[in-house]
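**Q** Sequence:
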Amino acid sequence: MHTTDNANEAAEMIAKEINFLLESHDNVTMAFPGGRSITKLFPALKEVNIPWNRVHIFMIDEKLVPVDDEESNFRLVDRGLLSWLVDEGGLLPQNIHPFIMDEDMPDYGIREYEINLRMIKENYDIIVLGAGEDGHVGALFPNLTVKDNSDYFLITHESPKPPKDRMTSSRKLLERSRMAVVLFFGEGKREAYEKFNNPKVSTDDCPAKLVQRIRKVVVVTDLK
43 MHTTDNANEA AEMIAKEINF LLESHDNVTM AFPGGRSITK LFPALKEVNI PWNRVHIFMI
103 DEKLVPVDDE ESNFRLVDRG LLSWLVDEGG LLPQNIHPFI MDEDMPDYGI REYEINLRMI
163 KENYDIIVLG AGEDGHVGAL FPNLTVKDNS DYFLITHESP KPPKDRMTSS RKLLERSRMA
223 VVLFFGEGKR EAYEKFNNPK VSTDDCPAKL VQRIRKVVVV TDLK
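Residue numbering for the sequence shown is 43 to 266, as defined by the working numbering.
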């Protein structure tokens with residue numbers, strides 16, 4: 043596990059991993075969350091040397107709203123990074139995979155999203171996670187959804203953080219990633235960061251700790 047306060051260093055490590063994987067794979071799958079923390083990584087990702095035309099983008103989690111809704115996680119990532127990468131960085135529009143909520147389906151479309159991912163790869167290669175004040179990542183909340191045993195995605199209507207209705211990648215799916223970048227920014231995340239570093243705290247109590255099962259982990263924080 044590597045810890046840094048430098049978003050540019052984290053972006054360089056992401057670029058190194060992507061380029062390494064592309065030596066033996068046709069493409070790379072990468073997943074982003076919503077939240078304010080992730081936006082701090084966007085400028086750095088625009089500067090590094092990544093063959094974005096071979097990268098597929100997915101969402102770690104999404105609120106059950108249309109993708110153009112102001113609450114949408116995808117809208118945040120698209121406006122802050124993806125649209126620029128399409129225009130300037132070579133990212134292919136068809137390689138962007140937002141979660142499209144389907145209210146007519148009992149599962150809101152998570153099975154379709156799983157199929158969409160597995161048509162490309164069985165798992166994510168690289169995940170970016172922003173830890174919440176309670177240590178949650180995606181919509182995996184302490185002692186709630188983090189305990190779910192789904193292999194790919196799940197729906198929750200009990201998010202402690204509004205809105206209550208969300209889709210999220212499962213703990214199992216995230217733990218199968220090759221590389222994780224987890225962000226702790228701001229004094230409000232100090233308690234979560236301390237739990238993350240406390241070996242006595244379980245993943246059920248601090249879901250961000252799930253990254254400890256992943257081979258390569260980069261922690262980006264401004265906390266000392």
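Hints listed in this document are in silico derivations from the structure and should not be mistaken for laboratory results. Every residue, glycine too, gets a C-beta built ideally from N, C-alpha and C. Do not take every clue at face value.
[Unchecked claim] List time: in silico SDA-like cross-link candidates among lysine to any residue, alpha-carbon distance up to 25 Å: (1) 82 - 68; (2) 163 - 175; (3) 82 - 266; (4) 214 - 198; (5) 214 - 266; (6) 58 - 68; (7) 163 - 191; (8) 82 - 242; (9) 163 - 203; (10) 258 - 175; (11) 58 - 128; (12) 88 - 134; (13) 82 - 95; (14) 189 - 203; (15) 203 - 130.
[Claimed, not checked] Cβ-Cβ distance ranges computed for the label pairs, FRET-style: (16) 148 - 47: 42 to 48 Å; (17) 228 - 254: 19 to 25 Å; (18) 43 - 161: 30 to 36 Å.
**Q** Could you tell me which of the numbered hints above are not met by this structure, giving the numbers in increasing order?
**A** Hint check: 1, 2, 5, 8, 9, 15 fail, others pass.
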